[in-house]
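Q: Letter by letter, the chains look like this.
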Amino acid sequence: MNGSWNLVTDVRQMWSLPFMVNAYRAGTVAALLAALVGYFMILRKQTFAGHTLSVVGFPGAAGATWLGISATFGYFAFCLSSAAVIAAVPAGGRRRTDQSALIGTVQAFALACGFLFVALYNGFLGGTTALLFGSFLGITSRQVLVLVVVAVLIVIALAVIGRPLVFASLDGDVARAHRVPVRLLDVIYLLLLGAAVAETAQITGVLLVFTLLVLPPATAQRLTARPARGILLAAVLAVVSTWVALGVAFYSPYPFGFWLSTITFAEYVAVVAGAAVVRAC
Amino acid sequence: MLSQPFVQHAYIAGSAVAVACGLLGYFLVLRAQVFTADALSHVAFTGALAALAFGVDVRLGLLTVTVAVAVLMGLLGPRGRADDVVIGGVFAWVLGLGVLFLSLYTTHRSGGNGAAGINVLFGSIFGLSAGRSWLTVAITGGVTLVLLAGWRPLLFATIDDGVAAARGVPVRLVGVGFLALTGVTAAEATQVVGALLLLGLLAAPAGAAVQLTTTPGRGAAVATVLALVSVWAGLAFSYAVPRVPPSFGIIAVATVGYAAALVWRRAILVHSP
Numbered sequence: 001m002n003g004s005w006n007l008v009t010d011v012r013q014m015w016s017l018p019f020m021v022n023a024y025r026a027g028t029v030a031a032l033l034a035a036l037v038g039y040f041m042i043l044r045k046q047t048f049a050g051h052t053l054s055v056v057g058f059p060g061a062a063g064a065t066w067l068g069i070s071a072t073f074g075y076f077a078f079c080l081s082s083a084a085v086i087a088a089v090p091a092g093g094r095r096r097t098d099q100s101a102l103i104g105t106v107q108a109f110a111l112a113c114g115f116l117f118v119a120l121y122n123g124f125l126g127g128t129t130a131l132l133f134g135s136f137l138g139i140t141s142r143q144v145l146v147l148v149v150v151a152v153l154i155v156i157a158l159a160v161i162g163r164p165l166v167f168a169s170l171d172g173d174v175a176r177a178h179r180v181p182v183r184l185l186d187v188i189y190l191l192l193l194g195a196a197v198a199e200t201a202q203i204t205g206v207l208l209v210f211t212l213l214v215l216p217p218a219t220a221q222r223l224t225a226r227p228a229r230g231i232l233l234a235a236v237l238a239v240v241s242t243w244v245a246l247g248v249a250f251y252s253p254y255p256f257g258f259w260l261s262t263i264t265f266a267e268y269v270a271v272v273a274g275a276a277v278v279r280a281c
Numbered sequence: 282m283l284s285q286p287f288v289q290h291a292y293i294a295g296s297a298v299a300v301a302c303g304l305l306g307y308f309l310v311l312r313a314q315v316f317t318a319d320a321l322s323h324v325a326f327t328g329a330l331a332a333l334a335f336g337v338d339v340r341l342g343l344l345t346v347t348v349a350v351a352v353l354m355g356l357l358g359p360r361g362r363a364d365d366v367v368i369g370g371v372f373a374w375v376l377g378l379g380v381l382f383l384s385l386y387t388t389h390r391s392g393g394n395g396a397a398g399i400n401v402l403f404g405s406i407f408g409l410s411a412g413r414s415w416l417t418v419a420i421t422g423g424v425t426l427v428l429l430a431g432w433r434p435l436l437f438a439t440i441d442d443g444v445a446a447a448r449g450v451p452v453r454l455v456g457v458g459f460l461a462l463t464g465v466t467a468a469e470a471t472q473v474v475g476a477l478l479l480l481g482l483l484a485a486p487a488g489a490a491v492q493l494t495t496t497p498g499r500g501a502a503v504a505t506v507l508a509l510v511s512v513w514a515g516l517a518f519s520y521a522v523p524r525v526p527p528s529f530g531i532i533a534v535a536t537v538g539y540a541a542a543l544v545w546r547r548a549i550l551v552h553s554p
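One line per chain: the protein sequences are A and B, in this order. For the first sequence, the residue numbers in the working numbering are 1 to 281. For the second sequence, the residue numbers in the working numbering are 282 to 554.
What you were told as hints is all true, and nothing was included just to trick you.
Listed next, the stretches of chain A that the computed footprint assigns to chain B, with coverage defined by at least 3 CB atoms under 8 Å from CB atoms of chain B:
(1) 41 to 48
(2) 101 to 113
(3) 204 to 212
(4) 248 to 260
(5) 264 to 274
Going by beta-carbon spacing under 7 Å, a handful of chain B positions derived as facing chain A:
(6) V366
(7) I532
(8) Y539
Here are the computed distance ranges between Cβ atoms for each label pair:
(9) A:R142 <-> B:V537: 36 to 42 Å
(10) A:S70 <-> B:G336: 37 to 43 Å
(11) A:L67 <-> B:S410: 35 to 41 Å
(12) A:A84 <-> B:L283: 37 to 43 Å
(13) B:V537 <-> A:K45: 25 to 31 Å
(14) B:V537 <-> A:C281: 55 to 61 Å
(15) A:V21 <-> B:A446: 54 to 60 Å
(16) B:L353 <-> A:A159: 35 to 41 Å
(17) B:A430 <-> A:P181: 45 to 51 Å
Source of the hints: derived by calculation from the structure; they are not laboratory data. Using N, Cα and C, we set each Cβ at its ideal position, and we do this for glycine too.
One chain only, chain A, in its complex shape (with noise of 0.2 Å):
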């Protein structure tokens, strides 16, 4: 597909196919749905979990397509229970080390079992770079419904509990002496972020939800340490990059990952090193 360099007339081409709407309206509710999740990600420290979690993905897609159930169910078993795992590792002195164990196993062995269905699953293997590094172009209108509903059922979760989350997440000790159920809102947060993942895969592939989960909370953490306005500015850094990494893909040869991760790692860039000019003059 060639661009014309105008604008209006590139975006209106693209928009009268069906499945590049479709596109769009599943990446804006992805893009919004990671940032909002993935700033809790950044402020928690919790970027290998988030990782990890994004992975656990694959293996429950291809055991799905394995055993010839609905991919949607394989990938919210696998990063549901993936998320109950890491949050079962007991809290103490020594927590960061076994957690940091905890999550490296459990994604070698999510990954592992992905290998082994694929290889059962004889003639998978095409898909499986889908499965990996998603494809855009065959979203349906009902996954899109699908995405929706789940998007706002995790916005009101996290709306609910954002203040004790800010709190516990910020300073978790303090928390406690306050009464707030730290463990039980950590709990809580990592099925939250292992939904959301789960949803937002099917649209990305597992191995780029990471990109929109890290990439957008953490530029808009470097521009404001409050919380709402952040949560803001990556929702619109998110959905921004998503949008016009949609458009750059369809224009040309490179795929959709490339582009995002590309896109949104240049504004990371852009923020850290205009941070250091405006601290050095």
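Given chain A, work out where chain B should sit, using these hints.
A: Only chain B this time, still in chain A's reference frame:
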């Protein structure tokens, strides 16, 4: 089983990788840097795909890139330990580059297909040549020797970097050097056993060792032995049941070992007053 050359090569290379990963993993877990190793193995993944995409055999290039990223990560953080968010950001972009190279490879190379990415991620340990497996032994053996030689300062800097720095241990240098070693292992092991297997061998045996003992020397030994046992048992299992890929066999054994260690520690905590 051991009379088959391809099984011999798998055992030779697998054992060498297991020893290096057990030792490295023990320190990675103590330093809470498993995520860094995860990111480095994906850097190696992207590097391998880039080599495929451009049709060159850049083993040396892959090594250089992985070590360079490792050193960069070490330099970005305080005392040679990078911040989670920085790692995550670089990591996300590296994955995006991997996708680019995979698509370049699948569209421009004749005979190329999606299986390339799968092989890099999951490895093909039963497909090693004799030369390849001995090269692996040489490189991972070198990593093991360096780790053993730098044992005391590394351990000191790992357990209490503040006191170590006060006592004149070059903490930053040790941290960066340690990450560079991880980079070397990641680059080598990814080509041999796949990025996935690497993470499993780094995290699971060491995680189990940390649960079982608090003595560093004993812990490192336990981690190494567990990694070796995982590789040996996993390879034998997947040889006996050909439909099960070797990566799965090895990771499954390692995971079971880790789960058993968790349960055992919990039982001890419950029974001790």
